Amino acid sequence: MSPRWAPYEYYFVEDEDIFHRTQKSDVWAFGMTVLELLTGNPPYAYIIADHRVSTEIKMGRLPRKPDINDSDPHTELKHFMWSICLKCWRLKPEERPSMREILEEMLDYPLKDIHSVTVDARRQGISQRN
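According to UniProt numbering, the sequence shown is numbered sequentially starting from 1.
The hints are simulated quantities; they were obtained by calculation from the structure and are not laboratory data. Treat each hint with caution, since some may be false.
Stated by the list, open to error - Here are the simulated lysine to any residue pairs, SDA-like style, with alpha carbons at most 20 Å apart:
(1) K58 to E95
(2) K65 to R52
(3) K78 to P66
(4) K87 to R100
(5) K87 to L107
(6) K87 to L37
(7) K24 to S54
(8) K24 to K87
(9) K87 to E9
(10) K65 to L37
(11) K87 to T33
(12) K58 to F12
(13) K87 to P42
Claimed, not checked - FRET-style restraints, in silico, Cβ to Cβ:
(14) A45 to M1: 16 to 22 Å
(15) R100 to H74: 23 to 29 Å
(16) L111 to M59: 32 to 38 Å
(17) I18 to D70: 44 to 50 Å
(18) P73 to N41: 19 to 25 Å
(19) M99 to H74: 20 to 26 Å
(20) Y109 to E36: 15 to 21 Å
(21) S71 to P93: 36 to 42 Å
(22) F12 to P42: 19 to 25 Å
(23) P42 to R21: 15 to 21 Å
(24) E14 to E104: 32 to 38 Å
Quick caveat, the model's predicted, so the values are computed rather than measured. All residues carry an ideal CB built from backbone N, CA and C; glycine is no exception.
Model the full assembly from the supplied sequences, consistent with the hints where possible.
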């Protein structure tokens with residue numbers, strides 16, 4: 001498992017070779033993937049050595065917030081996605097949202113003039129599957 005996407009709890013099992021992934025560890029990794037989408041870089045890109053990334057995570061240090069330019073037309077969306085990341089990276093797995101909760105929050109985000117018809121159609125499709 002790459003340390004850049006490994007969840008906090010991964011570092012506290014007796015044998016890392018037998019770490020059992022859970023939905024909550026997947027949520028952590030999803031947050032790292034969102035960060036990569038926001039920045040275009042892997043998590044902790046400012047740290048070159050993977051073993052130092054592991055140390056950061058063990059100490060409970062989360063990735064740095066990316067610079068978000070206030071003149072960017074997508075500033076609000078980027079701040080929203082950063083807030084999703086922070087929820088995904090709660091150190092206690094039981095405090096992390098489920099992927100369903102994340103999806104619902106993302107679908108409820110008020111997109112301004114960006115694919116709102118598509119989002120509404122997807123939301124309708126999800127509610128029909130429930």
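Cβ-Cβ distance between P42 and R21: within 15 to 21 Å? holds (19 Å)
May I ask you to test the hint 32 to 38 Å on the CB atoms belonging to L111 and M59? holds (36 Å)
If I claimed the Cβ atoms of F12 and P42 lie 19 to 25 Å apart, would that claim hold in this structure? holds (23 Å)
Look at the Cβ atoms of I18 and D70 and judge whether their distance stays inside 44 to 50 Å. Roughly 46 Å apart at Cβ, these two residues keep to the hinted range, so it holds.
Compare the distance between the alpha carbons of K87 and L37 with 20 Å, and conclude whether the hinted pair is satisfied. Holds - the C-alpha atoms of L37 and K87 are around 16 Å apart, at most 20 Å.
Agreement of K65 and L37 with the hint, judged by alpha carbon distance not exceeding 20 Å: holds (13 Å)
Is the gap between the beta carbons of S71 and P93 within 36 to 42 Å? holds (37 Å)
Hey, K78 versus P66, does the alpha-carbon distance stay inside 20 Å? holds (9 Å)
E14 and E104, beta-carbon distance inside 32 to 38 Å? Distance hint for E14, E104 holds at roughly 36 Å.
Lying within 23 to 29 Å: is that true of the beta-carbon distance R100 to H74? holds (25 Å)
When you check the alpha-carbon spacing of K24 and S54, does it fall within 20 Å? Given pair K24, S54 holds - Cα atoms ~19 Å apart, limit 20 Å.
Taking 20 Å as the top limit, are the C-alpha atoms of K87 and P42 close enough? This hinted pair holds, its Cα atoms lying about 18 Å apart.
Comparing the model with each earlier hint shows no violations; every hint is respected.
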